[in-house]
Amino acid sequence: DGGITQSPKYLFRKEGQNVTLSCEQNLNHDAMYWYRQDPGQGLRLIYYSQIVNDFQKGDIAEGYSVSREKKESFPLTVTSAQKNPTAFYLCASTTGGNQPQHFGDGTRLSIL
Amino acid sequence: GQQVMQIPQYQHVQEGEDFTTYCNSSTTLSNIQWYKQRPGGHPVFLIQLVKSGEVKKQKRLTFQFGEAKKNSSLHITATQTTDVGTYFCAGPRSNDYKLSFGAGTTVTVRA
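As you go down the protein sequences, you meet chains E and Y in turn.
Heads up: the first sequence is residues 1 to 112, going by the working numbering.
Heads up: the second sequence is residues 1 to 111, going by the working numbering.
Just chain Y, with the same shape it has in the complex:
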């Protein structure tokens, strides 16, 4: 079945530095979605990418969908303490209403 994998599982970042987290699917995706879950909270939808090679920005966050629509990345610049949390990517499974979630990248920030 379809698998969505994320690396790294943990990311420890110095405040002010940049980092990137990656998402890879075993199958081609119609779209990729990114969610953020703060510690003790619930996942919150961030963005959806649909087109091959698409790049979208949200302030310091840059999301990219690969040309083959099998991978995606999230790049955060000038990391802040508000970026702490777990970032999940998710891709639709074929022919149904389900999403496959990656295991997430948990981000901690050193002040």
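Extracted from the complex, chain E is given alone in its bound form:
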């Protein structure tokens, strides 16, 4: 059954720590995205990747980093430079262009 898998579901970060959120898809989609969701603010784009080994900054990339070494995988690292990381993080993928996006179940990140 095809889909997008995000892990972990819940994650806690200590001050000064980098954490990595996993996103894996078996939909054979070319494009992948990371969004941050805060209450009442909808979805804000962090990074996106149209093809393997290429990615672009979204609207709120500061304090985050990504890689796209494989088509199936698009991990997001929340660095210590991100001073307010507590949020719900959603990974999405699409076949490309402006086609509908498929979302994973999300990761809830909190500060210890």
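Some hints could be false.
No more than 27 Å apart at the CA atoms, straight line, and that leaves these computed lysine-lysine pairs for DSSO-like [unchecked claim]:
| hint | chain 1 | residue 1 | chain 2 | residue 2 |
| --- | --- | --- | --- | --- |
| 1 | E | 71 | Y | 98 |
| 2 | E | 83 | E | 57 |
| 3 | Y | 57 | Y | 36 |
| 4 | E | 83 | Y | 56 |
| 5 | Y | 59 | Y | 36 |
| 6 | Y | 36 | Y | 98 |
| 7 | Y | 57 | Y | 98 |
| 8 | Y | 98 | E | 9 |
| 9 | Y | 36 | Y | 56 |
| 10 | E | 57 | Y | 98 |
| 11 | Y | 59 | Y | 70 |
| 12 | E | 70 | Y | 98 |
| 13 | E | 57 | Y | 36 |
| 14 | E | 9 | Y | 36 |
Calculated from the structure, these hints are not laboratory results.
Here the structure is a predicted model, which is why all the values come from computation and not from measurement.
Given chain E, put chain Y in place with the hints provided.
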């Protein structure tokens, strides 16, 4: 830059009543997409509208794309508790693979 706005932000509905939520873009859109996010869940794609004036129905949900392709609406008839959640509209940004999401309309239902 392109902005997508949704109103109202919150909609409290009596079970069985109808309501409409609206989506407006600052620029003309090639298409408009609607997503639903249940409480504690992730957004799920509902529908995509492409043509000017297009109307599509999914059971009790009616989606419309404006003639100028800058606005859209979602009308739900005979609201049920299963309609609870946040409804987002999203439009493509020009010349790239990104979508602009509205802030969403969060729907609660009184039984």
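Return the numbers of the hints above that this structure violates; sort them in rising order. 4
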